[in-house]
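Peer 1: Generate the whole structure from the sequences, applying the supplied hints.
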Amino acid sequence: MSRTPTHGQTTGLRSLNLQGRRALVTGGGTGIGAAVAIALADAGADVALTYKTHDGHEVADRIAATGRRAHAAPLDATDPAAVEAAVSTAAAQLQGPIDILVNNAGGLVGRHSLIEMPDEHWHTVLNLNLTSTFLVTRAVVRQMGPGGGRIVNISSQAARNGGGPGASAYAAAKAGMHGLMLAWAKELGARDITVNTIAPGFIGDTPFHATFTPPESQRAVIEATPLRRAGVPEDVAGAVLYLASDLGGFCTGEIIDVNGGAYL
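Residues 2 to 265 in the working numbering are what the sequence shown lists, from first letter to last.
Since the hints were made in silico from the structure, they are not lab data.
This one's a predicted model, so the numbers in the text were calculated from it and none came from an experiment.
Glycine included, each C-beta is placed from N, C-alpha and C at the ideal position.
There may be inaccurate statements among the hints.
[Claimed, not checked] Taking CB as the label site, the calculated pair distances span:
hint, residue 1, residue 2, range
1, Pro119, Ser218, 46 to 54 Å
2, Gly190, Arg63, 33 to 41 Å
3, Asp206, Gly165, 16 to 24 Å
4, Gln20, His58, 18 to 26 Å
5, Gly239, Asp120, 35 to 43 Å
6, Gly148, Thr54, 32 to 40 Å
7, Arg139, Pro75, 15 to 23 Å
8, Glu121, Arg63, 14 to 22 Å
9, Thr90, Thr54, 13 to 21 Å
10, Arg192, Ala86, 22 to 30 Å
11, Gln20, Glu224, 16 to 24 Å
12, Leu248, Ser218, 31 to 39 Å
Peer 2: Now the structure itself:
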């Protein structure tokens with residue numbers, strides 16, 4: 002999939018062309034995942050998406066209306082057998098092996114301080130965010146062809162700064178995704194598979210913050226952000242598109258922070 006460019010070759014917008022590529026986006030029914038799936042399809046890729054809570058068929062229908070192959074199916078990404086079956090079905094529906102994977106499934110689940118955190122919460126959050134990334138990536142890489150591929154993990158600013166109050170399990174899981182990325186980038190590079198991560202900051206219009214972040218906290222985050230706005234899912238989708246395309250072909254083991262300058 003990655004191509005070694007000729008010295009002096011012009012890299013223009015056509016380098017974003019994903020025609021002939023097949024993508025799988027987990028957690029693709031809404032928010033960031035939906036925006037990513039649509040952006041990949043707009044760039045020419047055929048797209049399969051999975052969902053757990055938010056039905057992804059509306060997104061798939063929108064993709065199919067553009068003339069791209071589309072497939073949507075529910076998935077518990079913490080179930081190894083279900084993951085293997087879902088990846089196999091996605092490849093069959095898209096008529097070829099998956100060569101772009103976006104690991105977006107995950108979530109905060111809830112907020113608990115260290116001393117009052119139930120064991121069940123810890124295991125649930127790590128399984129949902131970290132184990133799912135391992136299971137889906139393993140299944141996809143097993144079927145990737147000799148042409149290489151792209152893996153993009155969607156982690157979080159919480160992996161960098163520990164997150165907000167009661168988010169230690171979530172922060173640990175997302176930081177674990179960074180560790181997996183570094184190991185896989187080295188392991189899979191010889192197969193021409195790049196592995197990168199996007200760490201979004203505060204992204205509005207997502208169920209995550211609508212459920213877990215009070216309005217006053219949202220306003221405080223925006224006021225502390227140099228760009229003075231919340232991100233939108235399309236901000237993250239643009240970064241994914243770069244990493245999934247030929248423009249990002251020499252990037253691997255990298256973390257792109259999409260947070261409006263929150264660390265400044």
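Peer 1: Now tell me, hint by hint, if it's right for this structure.
Peer 2: How the hints compare with the structure:
1. Pro119 x Ser218: 46 to 54 Å: violated (23 Å)
2. Gly190 x Arg63: 33 to 41 Å: Given a distance of about 35 Å, which is inside 33 to 41 Å, the answer is holds.
3. Asp206 x Gly165: 16 to 24 Å: holds (18 Å)
4. Gln20 x His58: 18 to 26 Å: holds (24 Å)
5. Gly239 x Asp120: 35 to 43 Å: Holds: the Cβ-Cβ distance is about 39 Å, inside 35 to 43 Å.
6. Gly148 x Thr54: 32 to 40 Å: holds (34 Å)
7. Arg139 x Pro75: 15 to 23 Å: Taking Cβ atoms as reference, Arg139 and Pro75 lie about 20 Å apart, which means the hint holds.
8. Glu121 x Arg63: 14 to 22 Å: Distance hint for Glu121, Arg63 is violated at roughly 37 Å.
9. Thr90 x Thr54: 13 to 21 Å: holds (20 Å)
10. Arg192 x Ala86: 22 to 30 Å: The hinted range 22 to 30 Å holds for Arg192 and Ala86, with Cβ atoms some 24 Å apart.
11. Gln20 x Glu224: 16 to 24 Å: Taking Cβ atoms as reference, Gln20 and Glu224 lie about 42 Å apart, which means the hint is violated.
12. Leu248 x Ser218: 31 to 39 Å: The hinted range 31 to 39 Å holds for Leu248 and Ser218, with Cβ atoms some 35 Å apart.
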